[in-house]
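Chain order of the listed sequences is A and B. The opening position of the first sequence corresponds to residue 1 in our numbering, with each subsequent residue numbered one higher. The opening position of the second sequence corresponds to residue 1 in our numbering, with each subsequent residue numbered one higher.
Keep in mind that the hints were calculated from the coordinates and are not lab data. Be aware that a few hints might be false.
[To be verified] To give an idea of the chain A side of the interface with chain B (calculated C-beta under 8 angstroms), a few residues: (1) G19; (2) P76; (3) Y98; (4) C99.
[Unchecked claim] Have a look at the derived ranges for each label pair, beta carbon to beta carbon: (5) B:G184 x A:E179: 34 to 42 angstroms; (6) B:Y11 x A:G137: 38 to 46 angstroms; (7) A:F81 x B:R141: 42 to 50 angstroms; (8) B:R176 x A:R59: 43 to 51 angstroms; (9) A:F81 x B:M8: 25 to 33 angstroms; (10) B:G63 x A:R59: 54 to 62 angstroms.
Computed from a predicted model, the values in this text were never measured in an experiment. Backbone N, C-alpha and C define an ideal beta-carbon position, used for all residues, glycine too.
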Amino acid sequence: MDDFIIRLEKVTIGYNGKGLVGPLELSIKRNQFWGIVGPNGGGKTTLLKTILGLIPPVRGEVRYGESGSLVFGYVPQSGNFDHLFPLSVAEFVAMGRYCRIPVGVGIGRRDWEVVIRYLKKTGILHLRNRPFKSISGGERQRALVARALSGEPDVLILDEPTASVDVRGEAEIMELLEEIRESKAITVLIVSHFLNTIVRFADHVVFIDKDRGAFLAGNKEEVLTDSVLGDVFGLDVTVKSRM
Amino acid sequence: MSVLSEFMNSYFLWRDPMVVGMVSGSICGFLGVYVVLKRIVFVSAMLTQISSLGVVLAFYLQGFSTLFFLTDPSLLSLFLTCAAVLIFSLRERFLYISQESVIGWGYILASGLVIVIGDRITQGSHDVASVLFGTAVVVERHETITVTITAVVFFLIHWFLFKDFIFVSFDPELARLFRYPVRGLNAILFLSIGVVVAITTRALGALPVFALLVLPPVFALLVTDRLKLLFVISPFAGLLSAALGYFLSFVLSLPTGASIALVAVFFTVLGGICRRFGLLL
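Sequences are here, hints too, so could you generate the full structure?
See below:
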């Protein structure tokens with residue numbers, strides 16, 4: 001029996017009953033680190049949202065492990081929040097904990113302890129009482145990661161988590177994700193434009209391009225070949241494995 | 001005799017209207033925080049007009065129908081407001097027209113009908129004017145009780161669901177991911193705004209209710225960057241606007257609804273000055 005945590009079975013992804021690309025087959029196992037790459041508008045975010053259950057598949061089925069349900073930690077593309085809401089950083093991060101708090105029940109002491117732990121782990125504990133709207137892009141990305149982690153998820157899904165940070169900030173966030181994956185044994189799926197980031201941290205890769213009807217999934221060595229990088233990204237490269 | 005002592009000696013005249021105004025101010029100020037944060041200010045304008053339409057329609061139908069449901073101004077106003085709230089909270093687009101445009105359409109339709117139907121009413125024309133312009137200075141005992149019970153019930157509902165209303169308002173996508181009943185919670189939120197608008201519009205008038213839904217939250221947003229404090233300052237500002245508005249209306253012989261609205265405007269100017277000089281709570 002395949003010990004998958006997420007499996008896409010003959011899934012066609014799309015919006016409002018209109019298929020973009022498919023049928024797709026994908027099996028994701030516990031503690032794997034998947035990178036999702038492809039051109040802009042290629043269907044990466046639609047794939048993520050289909051996996052999350054936010055967009056229903058046009059055809060096929062998305063299955064979640066043996067229990068049939070998973071707790072997701074989700075980092076959306078940043079900049080989509082309404083800054084009219086005067087939330088503190090701690091209040092913002094606490095929202096990630098709501099997956100474990102039923103409707104009508106407030107945040108308990110144990111929940112706040114978890115929130116504080118992840119504020120500390122992401123290095124933004126000192127910002128906890130600052131308005132969320134007032135912190136920098138890099139700090140905001142850390143708050144988003146802390147929010148996703150505070151639900152103690154089975155799967156962490158990140159959509160361009162390093163898009164608005166500098167090189168140093170990107171390295172810090174990626175190293176933090178790697179450290180958390182190792183210590184918590186959680187599955188990570190990350191969409192990124194930065195191939196070097198994916199190559200360095202992911203062990204598996206999904207390549208998706210709806211315009212070409214292309215979908216490849218597997219070990220990064222199998223997917224990121226000379227021909228894929230050349231055809232899709234126009235890169236004249238030779239891929240060499242590191243010994 | 002000073003103005004203040006004259007005012008105090010006449011307490012039997014203003015006691016009930018003042019209580020209704022203060023309770024309405026605090027609950028409208030509280031719910032108005034969601035109206036302002038969700039950027040749906042014109043929903044409250046539309047709802048106050050639809051509520052007014054219910055009142056004038058009931059007066060008009062008194063000449064044709066004996067059905068209590070159709071001829072009781074409070075009941076018809078409540079029904080129309082809640083129906084509008086449910087339609088607008090459950091649908092985001094109507095025939096490819098944005099929700100914002102439909103709100104404008106609803107506002108204009110309700111306002112036009114209020115004026116046209118109001119023109120045809122001979123009986124109860126004073127009540128119609130009171131509802132439209134907020135000149136009501138006399139409230140009946142049952143209105144005081146109804147407004148107070150409504151406010152207590154909705155404060156309690158919002159106390160229990162505070163975290164959830166904020167969550168679905170701020171990040172509905174994450175709320176859906178966490179299997180929160182986003183549509184249900186939005187429906188309860190909008191319904192609470194609709195019921196409060198219907199009941200307070202009947203007691204205070206459309207203009208002051210619209211003002212109390214929008215201006216105290218704006219004042220609160222100007223003087224604090226803390227979410228929970230927002231929900232304390234705004235109802236308190238609503239309560240003070242209503243109380244001061246009634247006081248000024250009494251001592252200066254001004255229209256009550258307009259006085260309440262202008263005091264609320266004054267608070268926002270005060271809030272702007274506080275923000276400008278960094279005097280935040």
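Tested hints:
1. G19: 22 angstroms, violated
2. P76: 7 angstroms, holds
3. Y98: 6 angstroms, holds
4. C99: 4 angstroms, holds
5. B:G184 x A:E179: 34 to 42 angstroms: Once the Cβ atoms are compared, 39 angstroms apart, the range 34 to 42 angstroms for E179 (chain A) and G184 (chain B) holds.
6. B:Y11 x A:G137: 38 to 46 angstroms: 58 angstroms, violated
7. A:F81 x B:R141: 42 to 50 angstroms: 47 angstroms, holds
8. B:R176 x A:R59: 43 to 51 angstroms: At roughly 21 angstroms between Cβ atoms, R59 (chain A) and R176 (chain B) fall outside 43 to 51 angstroms, so the hint is violated.
9. A:F81 x B:M8: 25 to 33 angstroms: 49 angstroms, violated
10. B:G63 x A:R59: 54 to 62 angstroms: Distance hint for G63 (chain B), R59 (chain A) holds at roughly 59 angstroms.
Consistency with the previously given hints fails for numbers 1, 6, 8, 9, ordered from lowest to highest.
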